[in-house]
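So the sequence lines, in the order shown, correspond to chains A and B.
Residue numbering for the first sequence follows the numbering used here, starting at 10 and increasing by one per position.
Residue numbering for the second sequence follows the numbering used here, starting at 10 and increasing by one per position.
Think of the hints as simulated: they come from the structure by calculation, not from any bench.
Even glycine gets a Cβ: it sits at the ideal position worked out from N, Cα and C.
Hints may be right or wrong, so weigh each one.
List of simulated lysine to aspartate or glutamate pairs, EDC-like, C-alpha gap at most 20 Å [as the list claims (entries may be wrong)]: (1) A/183 to B/37; (2) A/102 to B/464; (3) A/110 to A/284; (4) A/24 to B/464; (5) B/24 to A/177; (6) A/187 to B/37; (7) A/435 to A/464; (8) B/102 to A/464; (9) A/183 to B/28; (10) B/201 to A/534; (11) B/102 to A/359.
Some chain B residues judged to face chain A by a derived CB distance under 8 Å, without partners named [claimed, not checked]: (12) 31; (13) 178; (14) 181; (15) 183; (16) 190; (17) 502; (18) 506; (19) 521.
Here are the chains, one letter per residue:
There are 2 protein chains.
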Amino acid sequence: MLFAKHQDILDNAVKASHDRTFYAQYPEHPKAYGEEAPQSGEAAFKSQLGQPFQRLLQDSDNWQGEEVSPYTLEPLGVSYPIVPADALVMSAKAAGGAWAKLPVTERAAILTETLEVIKGHFFEIAYATMHTTGQSYMMSFQASGPHANDRALEAIAMGYRELQRYPEQLTWEKPMGKASIVLEKHFRAIPKGVGLVIGCSTFPVWNSLPGIYADLVTGNPVLVKPHPKAVLPIAIVVAAIQQVLQQNGLDPLLCQLAADTSEHLNTKALCEHPEVALIDYTGGSSFGNYIEQLPCKTVFTEKAGVNSVIIDSADNMDAVAQNLAFSVSLYSGQMCTAPQNFFIPERLYDEVAGKIRDAVSALVANPKMGPGTLGAVQSEVTVLRAQSARSLGAGVLLVGGPVTNDEFAKARTCSPTILEVNAADKDVYARELFGPVILLVRTNDTAESIRLAKEIARQHGAITCGAYTTDPAVRAQIEEEMNSVFTPVSFNFTGFIWVNQHAAFSDFHVTGGNPAGNASFTNPEFILKRFVWIGNRMQIS
Amino acid sequence: MLFAKHQDILDNAVKASHDRTFYAQYPEHPKAYGEEAPQSGEAAFKSQLGQPFQRLLQDSDNWQGEEVSPYTLEPLGVSYPIVPADALVMSAKAAGGAWAKLPVTERAAILTETLEVIKGHFFEIAYATMHTTGQSYMMSFQASGPHANDRALEAIAMGYRELQRYPEQLTWEKPMGKASIVLEKHFRAIPKGVGLVIGCSTFPVWNSLPGIYADLVTGNPVLVKPHPKAVLPIAIVVAAIQQVLQQNGLDPLLCQLAADTSEHLNTKALCEHPEVALIDYTGGSSFGNYIEQLPCKTVFTEKAGVNSVIIDSADNMDAVAQNLAFSVSLYSGQMCTAPQNFFIPERLYDEVAGKIRDAVSALVANPKMGPGTLGAVQSEVTVLRAQSARSLGAGVLLVGGPVTNDEFAKARTCSPTILEVNAADKDVYARELFGPVILLVRTNDTAESIRLAKEIARQHGAITCGAYTTDPAVRAQIEEEMNSVFTPVSFNFTGFIWVNQHAAFSDFHVTGGNPAGNASFTNPEFILKRFVWIGNRMQIS
Numbered sequence: 010m011l012f013a014k015h016q017d018i019l020d021n022a023v024k025a026s027h028d029r030t031f032y033a034q035y036p037e038h039p040k041a042y043g044e045e046a047p048q049s050g051e052a053a054f055k056s057q058l059g060q061p062f063q064r065l066l067q068d069s070d071n072w073q074g075e076e077v078s079p080y081t082l083e084p085l086g087v088s089y090p091i092v093p094a095d096a097l098v099m100s101a102k103a104a105g106g107a108w109a110k111l112p113v114t115e116r117a118a119i120l121t122e123t124l125e126v127i128k129g130h131f132f133e134i135a136y137a138t139m140h141t142t143g144q145s146y147m148m149s150f151q152a153s154g155p156h157a158n159d160r161a162l163e164a165i166a167m168g169y170r171e172l173q174r175y176p177e178q179l180t181w182e183k184p185m186g187k188a189s190i191v192l193e194k195h196f197r198a199i200p201k202g203v204g205l206v207i208g209c210s211t212f213p214v215w216n217s218l219p220g221i222y223a224d225l226v227t228g229n230p231v232l233v234k235p236h237p238k239a240v241l242p243i244a245i246v247v248a249a250i251q252q253v254l255q256q257n258g259l260d261p262l263l264c265q266l267a268a269d270t271s272e273h274l275n276t277k278a279l280c281e282h283p284e285v286a287l288i289d290y291t292g293g294s295s296f297g298n299y300i301e302q303l304p305c306k307t308v309f310t311e312k313a314g315v316n317s318v319i320i321d322s323a324d325n326m327d328a329v330a331q332n333l334a335f336s337v338s339l340y341s342g343q344m345c346t347a348p349q350n351f352f353i354p355e356r357l358y359d360e361v362a363g364k365i366r367d368a369v370s371a372l373v374a375n376p377k378m379g380p381g382t383l384g385a386v387q388s389e390v391t392v393l394r395a396q397s398a399r400s401l402g403a404g405v406l407l408v409g410g411p412v413t414n415d416e417f418a419k420a421r422t423c424s425p426t427i428l429e430v431n432a433a434d435k436d437v438y439a440r441e442l443f444g445p446v447i448l449l450v451r452t453n454d455t456a457e458s459i460r461l462a463k464e465i466a467r468q469h470g471a472i473t474c475g476a477y478t479t480d481p482a483v484r485a486q487i488e489e490e491m492n493s494v495f496t497p498v499s500f501n502f503t504g505f506i507w508v509n510q511h512a513a514f515s516d517f518h519v520t521g522g523n524p525a526g527n528a529s530f531t532n533p534e535f536i537l538k539r540f541v542w543i544g545n546r547m548q549i550s
Numbered sequence: 010m011l012f013a014k015h016q017d018i019l020d021n022a023v024k025a026s027h028d029r030t031f032y033a034q035y036p037e038h039p040k041a042y043g044e045e046a047p048q049s050g051e052a053a054f055k056s057q058l059g060q061p062f063q064r065l066l067q068d069s070d071n072w073q074g075e076e077v078s079p080y081t082l083e084p085l086g087v088s089y090p091i092v093p094a095d096a097l098v099m100s101a102k103a104a105g106g107a108w109a110k111l112p113v114t115e116r117a118a119i120l121t122e123t124l125e126v127i128k129g130h131f132f133e134i135a136y137a138t139m140h141t142t143g144q145s146y147m148m149s150f151q152a153s154g155p156h157a158n159d160r161a162l163e164a165i166a167m168g169y170r171e172l173q174r175y176p177e178q179l180t181w182e183k184p185m186g187k188a189s190i191v192l193e194k195h196f197r198a199i200p201k202g203v204g205l206v207i208g209c210s211t212f213p214v215w216n217s218l219p220g221i222y223a224d225l226v227t228g229n230p231v232l233v234k235p236h237p238k239a240v241l242p243i244a245i246v247v248a249a250i251q252q253v254l255q256q257n258g259l260d261p262l263l264c265q266l267a268a269d270t271s272e273h274l275n276t277k278a279l280c281e282h283p284e285v286a287l288i289d290y291t292g293g294s295s296f297g298n299y300i301e302q303l304p305c306k307t308v309f310t311e312k313a314g315v316n317s318v319i320i321d322s323a324d325n326m327d328a329v330a331q332n333l334a335f336s337v338s339l340y341s342g343q344m345c346t347a348p349q350n351f352f353i354p355e356r357l358y359d360e361v362a363g364k365i366r367d368a369v370s371a372l373v374a375n376p377k378m379g380p381g382t383l384g385a386v387q388s389e390v391t392v393l394r395a396q397s398a399r400s401l402g403a404g405v406l407l408v409g410g411p412v413t414n415d416e417f418a419k420a421r422t423c424s425p426t427i428l429e430v431n432a433a434d435k436d437v438y439a440r441e442l443f444g445p446v447i448l449l450v451r452t453n454d455t456a457e458s459i460r461l462a463k464e465i466a467r468q469h470g471a472i473t474c475g476a477y478t479t480d481p482a483v484r485a486q487i488e489e490e491m492n493s494v495f496t497p498v499s500f501n502f503t504g505f506i507w508v509n510q511h512a513a514f515s516d517f518h519v520t521g522g523n524p525a526g527n528a529s530f531t532n533p534e535f536i537l538k539r540f541v542w543i544g545n546r547m548q549i550s
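Go ahead and model the full structure; you've got the sequences and the hints to work with.
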């Protein structure tokens, strides 16, 4: 079947995910996809507006949709089939049997083929992402397109490798003096059961693809449950997967969209369904903690964290401030990797605080840079949170607010608010303030900065930690302390590289070791927990 | 340090654990260890009786012991240092730092060295096992000696491999037009924290060594909490590990005996200690379920299961009956792998039931075979359970009872009781009856046998399933159905191979997929869940 076509891609991806020196199967520059692609993607997106999304190979007599563009504040008017949890699970189970029996090489090849089909929709997905999440055009394209596909390929490659770890069949001989006992052994990787992937409203594709592909490559059917405000981007992906499955003679309901509505959420019904064995979740900590404590489920969570930046010393503090200004402004602080708390020692405080304030102000006010970096804010709640942060009792160094977007006059925008606190004000800064709010924390010295950043990561979780130091001993200490609470550190980033970014095939995303989540894209566990190794034995003499 | 000495062993063990064709580093025949070894082992055991166990490099002002030999019914009189949970955990944490910093190659080599030292105690451990668990001399030697060491080496090898999966350091370059972004990346495997290994009274060494070595090779300190009635065998092991650690300039408290008493158990205090991150547990389901639901712990359980044998057809039913008679008699049914329920279709029922009864009767009555196969019963509770099984309402085909042991007149012995039930009598057979009790279940046909065995494995868990069939289609069906509830199947075992045995480097022990336990010796997850991969990045241009 498809394996011969994709074997090189898979072998290269396996190698790359172990070398970790970088490997992008899908170029991140829009230009690599042809001159016509952006326009036809936009046209496809526009023609879908106001229409039922009929590309899925699944049906329902109940169609609903409630997406609203953060750029126009207009409803998209797209509706999706709403299918009850039981029916979704039954279809998934029925589709799973034949899929589980395919060799992993074939499954991996078919899944790689789906990525090729998805590639043809990158620009349509980009517009859909932009007008559901509020991401900028460029981030929408990259995060939901090539970067997501690369993360998916990474998961496929890990499955392709791990399911071939042991021989399918072997002869085992135990000498017993004159004779031998001879057994034939069969090693089988049995998929755990129906998978459920619960998406979030800010990264509906990037955060969902690893779980979807990890479930599928290990032989499990998967239900894709999007946030009701960000369905279209992932619906396009699911439709493409279904199309490739059908073309290969497989049941397309192996991968189903499990759309619901804010009024009638189906998340708990799906999570608690006895046939749902695997749950991937991205979202808030409280629902994530509920999922983690469900008995008899294998769960992979990415919840909230409080990310820190530790500033000790730098050769060029202006370059540091510019880099950080971009990190905190990018998508208006709505990335799970965005820094929130900046620990600055007393000796540097006034200088660094001033530079960060100036750099953020300049970036936001720059009409060529500001609107495209900030994008729009996905939810009104996030804007309100940013506004109310001013009354937390902290000093206000910079007041964030609406930023004019020339293309979208009604866009829901909000630039970063910068608050100032002392190390003692933990009630203010030792919690997640999702969105465009950052806190500068004045500390006695770097030792105190490290202690506080570590304590917060241990208690509240952290996905990233940025640090700036010219002293190798301090660097080693920061790495040691933050790693001990399972938080990775990015040192001395300036220029065109930001702590927010995690590259497929090189960086793990979330470690799984602190309260920010129990899983990691894509470490071996992310794949191995989805199936069970079983050895059968038959005596042949 | 030690790595050069042990590199070949480690490389071979890694290869063997992936080939799975068999590999025993430690010969299972007592004769391989020299003529003097058994006697000096026995002498060492006897000289310990009635004495405090002072070989451990840990101290206490509270020494306790309550072991009683199932063979003599006399107390061993050995006492062990009792250390409060907090003190154990603090010492473990203190010892962990330097250990975590060693390269995995050095850790693996030091641990392999500990196995060599333990080898010198195999016979002492055998006598200690015999007089705590009631295992026969030969099983005590093999299970607590070479087989346990092989399982330990398997865990070391998996850690040695997995911790070297990613490069420690690499340069990552992202072309950005004219210039490049260049990062140096460090990948580190961070140990999760203090490990706790909770042993059982029947296999105090074999079931504990995989967790102990898995914790240690991944850089974690470990507390070894034995069952208070079976301390000595694992105390000898812990002392040997401490000795090697000290000889290599490491803190011996990296591995501590966490002995307690039946009156003052420390298990829950240890499990719930916030610094205990990893728990390995072997024992009953109810405590196992408690451990599995503890928040924020990584747990590996082996709980109870109900193992089935499905009899469909055989060329030589006498050979089948003899094989099964041995399986159910071995250590008086106290192995977690021993079969309990025998599903026999109506058409074969009378023939097969008669042959099994006759084979068990003959084995038990054979003075050269019976006592040595049955061994002794670890706990009086198990004997009472076997006796009361006769009044469960099932037919009684064979009444088990004491068997004369010429060497130990007072030995607590009990031969298998064979009960007969119909398929409908699930209230009798659909639960674990630990010890020398088996149930023959009369079914309509093999399809019903499979359905029932599958249902029980799903609901109550199963570690093994034996099956006999000459029909390849039936064989495929049994494999498919039992594998779907994550239970491995052993087909057509006759002669000197039994469903109870799982060979290191070839068979997984427990799949982790059904209620019999959530972990497996030694699949990759057994190692990977004990540490966290973290990638740190530093910009260098």
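Verification of the hints:
{"no.": "1", "hint": "A/183 to B/37", "result": "holds, 12 Å"}
{"no.": "2", "hint": "A/102 to B/464", "result": "holds, 18 Å"}
{"no.": "3", "hint": "A/110 to A/284", "result": "holds, 19 Å"}
{"no.": "4", "hint": "A/24 to B/464", "result": "violated, 42 Å"}
{"no.": "5", "hint": "B/24 to A/177", "result": "holds, 16 Å"}
{"no.": "6", "hint": "A/187 to B/37", "result": "holds, 17 Å"}
{"no.": "7", "hint": "A/435 to A/464", "result": "holds, 11 Å"}
{"no.": "8", "hint": "B/102 to A/464", "result": "holds, 18 Å"}
{"no.": "9", "hint": "A/183 to B/28", "result": "holds, 15 Å"}
{"no.": "10", "hint": "B/201 to A/534", "result": "holds, 14 Å"}
{"no.": "11", "hint": "B/102 to A/359", "result": "violated, 39 Å"}
{"no.": "12", "hint": "31", "result": "holds, 6 Å"}
{"no.": "13", "hint": "178", "result": "violated, 11 Å"}
{"no.": "14", "hint": "181", "result": "holds, 6 Å"}
{"no.": "15", "hint": "183", "result": "holds, 7 Å"}
{"no.": "16", "hint": "190", "result": "holds, 5 Å"}
{"no.": "17", "hint": "502", "result": "holds, 5 Å"}
{"no.": "18", "hint": "506", "result": "holds, 5 Å"}
{"no.": "19", "hint": "521", "result": "holds, 6 Å"}
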